[in-house]
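Trainee: Sequence order for the protein chains is A and B.
The first sequence begins at 1 in the working numbering and counts up by one.
The second sequence begins at 1001 in the working numbering and counts up by one.
Treat the hints with care, as some may be off.
[Claimed, not checked] 20 Å max Cα-Cα, derived SDA-like pairs, lysine to any residue: (1) A/K93 - A/V18; (2) B/K1162 - B/P1268; (3) A/K22 - B/V1226; (4) B/K1203 - A/G17; (5) B/K1570 - B/G1368; (6) A/K22 - B/L1122; (7) A/K22 - B/K1162; (8) B/K1162 - A/V18; (9) B/K1162 - A/S127; (10) B/K1203 - A/S127; (11) B/K1162 - B/P1251.
No wet-lab data here; the hints were simulated from the structure.
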Amino acid sequence: MSHSTTTTWDGGGLPFGVSWQKLMMWLFIVGDAILFASFLAGYGFLRLANPNWPDSGQIFHMSLIGTMTFVLISSSATMAAAVGASRAGQREKATRLVWLTALGGAIFLGMQAYEWSTFIHAGARLSTNPWGVPLFSSCFFVITGFHGTHVASGVLILALTAWRNSTGKASAEGVELAGLYWHFVDLVWVFIFTFFYLV
Amino acid sequence: MSNHEQHAPLGFWRKYVFSLDHKVIGLQYIGMAVVMALLGSGLAMIMRIQLAWPGAKLSWLGKLFPNAFPEGLLAPEHYLSIITMHGTVMVFFVISLALVSGFGNYLIPIQIGARDMAYPFLNALSFWVMVPACLVMIASFFVEGGAAASGWTAYPPLSALKNAVPGSQWGQTLWLLAMALFIVSFTMGGLNYVTTVLNLRAKGMSLMRMPLTIWTMFIAAIIGLVSFPPLTAAAIMLLFDRHGGTSFFVPAGLSIAGKPVMHDGGTPLLWQHLFWFLGHPEVYVLILPGLGITFEILATHARKTVFGYKMIVWCLIVIAVLGCVVWGHHMFVSGMNPWLGEFFTIGTLIITIPSAIIGLCMLATLYGGSLRLNAALLFALGTLALFGTGGFGGVFLGNATSDIFLHDSYFVVGHFHFMIGGVTLFATLAGLYHWFPKMFGRHLNEGLGKIHFWLSILGFYGMFLTMHFVGINGAPRRYYDFKAYKMLEGLQTYHLCITISAFTFAVASIIFLLNVTWSLWRGKKAERNPWDATTLEWVAPSPPPHGNWDGPDPVVHRWPYDLSTHAGAKDFAMQTEGPDKAPVTS
Ligand code: HEM
Ligand SMILES: [Cu+2]
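Bound conformation, chain A alone (with noise of 0.2 Å):
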């Protein structure tokens, strides 16, 4: 961008302190929040509409989601850690801990891969599944996959930005963007955690 951050504004202050960047990143995280929250939120009303909702405790294995859960949320304190390195200017450092977030974010897709595959193999399909309701098995393919590809475009993002930090191109602004996106990507899956796995 030619153009500079925060120093084009001098109407008094700016509003929130904030540079038009990460303004934006901010922004377009609660846009993407909505959605999610819309998918969830159609989910809950198809869940409402049909009492015979098949027991998820039962159709999937816990333990798997609870250890991809656990990298995910590792993922971002990783990712925390690099914000803070590159604040500091420790360049090396920064590069390494985004490396290991991506590596991290990697991690947990592999093993929804897995998840979906013993899951077709169980016999789901996006439009019937074995244990009763159709949605079911909609719901899951459509939620999981959305988030699945955040996460996919996330782990892209994190490898550009530590190629380009560990070149010198990103600023420490650049890093924090894209944590604030992978810190995004995480949070959204707590959520799913909560109302798919949990509920």
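Position chain B with the ligands relative to chain A; hints supplied.
Mentor: What follows is chain B with the ligands alone, placed relative to chain A:
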């Protein structure tokens, strides 16, 4: 903004086509809206001809489109495609493009004193995503089965089952894809609007010194960012219903032409909730910028300060918040719990209060002013009139008791054409008469402008006031031929009247297009500030160069409505005029 100062001269392509300049992008949007408006209006005229003279043969259309008009006769299923595409094109690809994207891009940076948007590349990208959105929407006419036929609201099961009507085939899929592109583009634009308004204002441009146009664009962008995601989610689920075999929106037990449909467990109500959660806020996305522009023009051409600036800003915010929780008033007859209906009724009726305050502030702004009755002001007055009449109809619709009778009748069609059609269109036209001198350095012809206005307002009321009465008399919307029903036969004269008004309006619009074409090359040359206006764009040359101001960055010393507050020949103060020029308000 220092890095904007070296705007080197660019070649033709970089300057007018792949430009990053917010003004060029704004004009590109307006141009695209004009093209789409021709399409939308053509569709409207076909509908009006059919309704006034059911079964009329349009042999020339028959020759052009032998499939849609076999022997010049419009088939009922194609009538449905035409209403669907007319609504979609007009709401999303004409009004939204011209008013929100067009004027928004043109005005936001220049009125807040920025040299461009926060992220010009994203801004250009948003335009270049809108181009395929339009193309895909147009292409949907030419696929098998024709364009989508489930209404601009895309209600399932018509939109979910591929064999429901001919338009439910590829036409509906392309409709969804075009809408997806539209949403992506709109989101990129909206992100830019909000960040630009918050972070790029010139020195001294505090929030409470922003012109109302900017306030309304800002709030509209926020509403858009909040309300489009649910439609995105719904569109994704609908695509899965259509192509993945899921049944999010399809209930069990349906059959088409005697054959049972293999779907189970979903509900069309989910679509209606998600759609109207967008749909109702979307009407505010469109109307608020129209109201902002109207305030600006009323103040400038009536030479009066805007009445109740702070109150207006708060009313806009209240409307935005409440607007997100009243979507259910579109679903009163869907069998909802009566208490829920009561909630939505009360919410809707509460919204009419800030709306009415805004209308009254407009009237109060005019009170005691010295009006210059030029085309810009006339159209702004037309906006005010339409806002009043349309809102009056809204009160009857917002009340569940009366809406159960009026729902899905021509009354609704009349209501929303006053609002989403009239207020927004008249404001767009007022804006064009007002800002044309700034955009192109030449004035539009005033005489033609006045003829344009009087024919338009006559045609508009002729069409949509009449529709209210047709609706009260029991005519449902989206019917192909009213002569086929004994009870509605008597309304045929009304339909004829509406069609004649539609032709009047079409003539007015042609006059306008001729005026624009002529004035672009031959119009009276415009000064920097031909209207004695106060906002920052009038400090810049007409038309402004890339980077907007030829001099240093503007510095703001006062609010934007310092009009008729000064003695002497010059009765106003521009926002950049220093504090020594008393009085300084706000
Ligand atoms: C005083 C404020 C308003 C109230 C109380 C109001 C109320 C309503 C209600 C209750 C309906 C549903 C009618 C039905 O389907 O039975 C409706 C429809 C509609 N309104 Fe309004 N409205 C107001 C202002 C507006 C504004 C400002 C706009 C647009 C700029 C607008 C655009 C629409 C549209 C597009 C529809 C029809 C959607 C469809 O079914 O195709 N309304 N209005
Ligand atoms: Cu509404």
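Trainee: Which hint numbers does the structure go against, in order from smallest to largest?
Mentor: 1, 7, 8, 10
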